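Residue numbers (numbering that gives the first Met the number 0), protein chains in the order written: chain E, 0 to 80; chain V, 0 to 250; chain B, 0 to 146; chain D, 0 to 506.
Don't take every hint at face value.
[Said to hold, decoys possible] Derived list of chain E stretches under chain V, where covered just means 3 residues or more per stretch with a C-beta under 8 Å from a C-beta of chain V:
1) 47-53
2) 62-69
[Unchecked claim] Here are a few chain B residues that sit away from chain E, every Cβ distance over 10 Å (derived from the structure):
3) HIS72
4) GLU73
5) SER86
6) GLU92
It is worth saying that the hints were derived from the structure and are not from the lab.
All values derive from a computational prediction rather than experimental measurement.
Backbone N, C-alpha and C fix where the C-beta goes; we use that ideal spot for every residue, glycine too.
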Amino acid sequence: MIWQFDIIILIFMVLAAIIALRVKDLLGATLVFGIYSFLICLLWAEMGAVDVAFTEAAVGAGVSTVIMIATVFSTARRSRD
Amino acid sequence: MKLFGFIAVIIVGALLLAATGDFPAWGDAGSPASQGQVSSFYIEQTINETKVPNMVTAVLADFRGYDTMFETVVIFIAGIGIIAVLRTFGDQASKAPDGPEADNDSGDLIVRTTCHMVVPLIQLFALYVIAHGHHSPGGGFQGGVMLGASYILFALACGLPAAKRRMGERRAIIIAAAGIIIYAGWGVACLLLGGNFLDYTSLDPILPGDEQMARSHSMLVVEIGVAFTVTAIMFAIYSNLSTRGRLEKGL
Amino acid sequence: MEFLAAGFIEENIVPKFNYWVYVILMMIGLFAMITKNNLIKKLIGMAIFQTAIILFYVSIGVKAESGIPILGHEQHHEIVEEGRASSEVIKKEKFANPLPHVLMLTAIVVGVSTLGLALAISQRIYGSFNTLEEDEILDQLRPGGHD
Amino acid sequence: MTEHFSALILLMPLFGALLVTLLGRERRTACWLTALVCLAASSAFAIGNICQVLASKSGDLRYRMGGWQESAGYEVGIELRVDMLAALVVAMVVLVGFVNIIFAKTRVGSEMKDKVAFFYALKQLLIVGLCGIVMTNDAFNLYVLIEITSLTSYALIAMGNRRAALSSFNYIIMGTIGASFYLLGVGYLYIKTGTLNIDDISSVMQSGDLWAHPSIMIAFVLIMLGIWTKMAFFPLHGWLPNAYSYAPGVVGSFMAPLMTKVMVYVMLRVMLWLFGGEYVYSSGHIWGELIIWMSIIAIIAGSFLALACTDIKKMLTYLIVAEVGYMVGGAWLMDGAGILGSMYHILSDAAMTFCLFLAASIVILRTGDHRLTAFTGLFRSMPLTMTGFTVGALSMIGLPPTCGFFSKWYLISGAIEVGHWSYVAALLFSSLVNAVIFFRIIERAYFGRIEGVESLPVDADGSPPVVLDRVPYSMLLPLLMAAGSVLLVGIYNEVLAGWLRAAIPSL
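Chain E on its own, in the form it takes in the complex:
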């Protein structure tokens, strides 16, 4: 583990989480959420949890983002909050 990386990634993660929840465009929110997942995947790789990072990269940043985008496309894209 390298604690400098850790801090930087954690700060970006908190930012990404807040942005994902603030953006009114749901497609944008979903993409920021994809970034969040990718950051957390980096964090886990840095902490030595390579299997978890691999899974998160495939599932969190990959499949979850895709199915969320699929849902946003087949429902409403705008959100009021």
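Since chain E is already given, all that's left is putting chains V, B and D on it; use the hints.
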């Protein structure tokens, strides 16, 4: 609602932070969780007991294999649950476009060509991840997601009907169920040969190598089972969610 | 005023900032789940909430000196080919604790399954109410009691 | 073979669910038969399990998954542990599931349409999850199994109409918060003890004297909050009434008796085995008294909300909220009789809720009306159904010889022993409210005038159903079985209480 939510969140947060003071420092190798007997056993004895260098795979597929079986069941439930909730069965929905040229019915030429080149590579790498999970990060779950993602990519590039001909709904459900049948059936085979459920050592007589190698081989078998289920369900989830359960044309 | 004391930060926050950040992420997620009006936003909050817990678990498994929980080639060779005792070759503090990683693989799977099912249900809700805003849905339900 | 019974109870419905999905959505009767046979086998194993526990000297059976022996006193694998309480609750789960499969036969075609196979598969997986929860001895495995039951119930509820989908969504949000709190609590325990096996955690906390640490207390609070959310303890009950009353009839009648009861079992398990009575009931904590008062509020609020309902199913779901209050209060009375009452009430409440939900589903099906007014004059046109309903209602009110009387008896005697009179008063008040509610219905059913009687919808297979009470046997028989079980659990209360008493660890 906002105020209530804020208060609830603050209370929970304060509760959680109150306990962090009590935790061992982050990265402390002497903390109970890291120092404990269970963790030491996994780190030191995995190689002796199972001949698998990747401890995570060994713990996942053998020591806590019962958990992993249910993890696969969770994925299976998500898949059939989504079909049960969203899918609309109708005559017009099941009508598949005919003819091989329907492959080329949608999408850009460059995208399609690239996709046709990339998908086999992804699938090959996914198979490598499944098979090599004993020695490197990866395993049935990660490989399965990647296999499923290759189908999703194909559906994105060439349209869902084309992908459906390769992985139809019925076929996806059968593959998914077959995955768990492989996993749980392997456990039942152990049971029939006189061990406990999922006790791979009892399969020693029918597998090459000694008892430890029987564990190692069995882990590969169950990982393949997991990969089957995950591949099929990931694609089923995508195809249902992207068409609102009608399985006509994708995104 | 205890919080302002200089020693507090050094003792409680610096060595444990991972745990602090997990609590912050969890609170963000929980707040979104409770207060957001849009169903998709609620689900994004739910996903953040779940990853925060996973962050907590993975943080448990870290040791200051540790690398990945996979034996290297030399160690593997020494144990399997040369027959040395594994407890001599393997230094525990060099390997991250594998158990939380295994648990979190399961938790990630559970998370994506819940997310998928919830997205399917929200698509059905959109199909019958034509909106994903919670208050608009409740407005539509108000006049008629049962249906 | 006999030592594998506890694993086989789980495996039968698991393979049943897989077979059902393989059979496909066209072969409905085959799906039904598969589910029936698998659950029948599972029930047989569950009963065999009870006999084994009775025969064993230590009173609990342990089954190590994967055959992993313990290393230096710690379990490295996952272990199943079946004591008398677990054996009885498992038997209750599979038997209710089995009877409900019979009940579902005629209804499932019209309620689920093309998705019959998925219904049977999800339902059997739900039973797998519930049985696994009851038997596992691993704190994390418990989480996975809780999520299995949750996911199946989200999907099953959302198969109903649009209201059902919305309540299922709310259930997902609440359920995820609950399960995640539980997971966090387990993480807090793991960071302090380094193990996940329930017995090992308990012994590490005992030997390391970790009781004073704040993180242990917070772990306890988090786990309790999670479980309470899952079992709809009063302030956290918001998801339950809508989810269960809008769910398809065959789903509601199955989930209502089981889900909350199994979560009460988990609460008892966490209190008495994971943390131990000494810690939970120690006078140093503020929560003991507080939680009894919360359960009193839950009982009273549940009763009032039920009284205000005009919809039969909604009313029954609010009664479940009140019953959860009974069980939580009983478990926190710090007294053997209270805990015994709570355990016994798990069984008896499952029986009577099942009976009432089946009767209500039949009435709703026959009259096409889910208001209480639907019961007018039903004693004349549907005597057997109403007899079943009356048995369930009498048990809810708490009249002998039904099981509801005896569970209230144990709870009240426990409360009197520790001198908690307000809890006694709340129980009696709730009995009174139940009496008002049910006698109102029974009076209407007995003395009310018969109005126009519609004909029964044709069977799913197209064959005319066999009619008695103008209800097919496949629905009437389960109701009578449920009513019979209400009486049986009541009549054999001495035996059951004796078995359960042996399972309670010394406080």
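| task | Please name the hints from earlier in the document that this structure breaks, with their numbers sorted from lowest to highest. | result | Structure breaks no hint.
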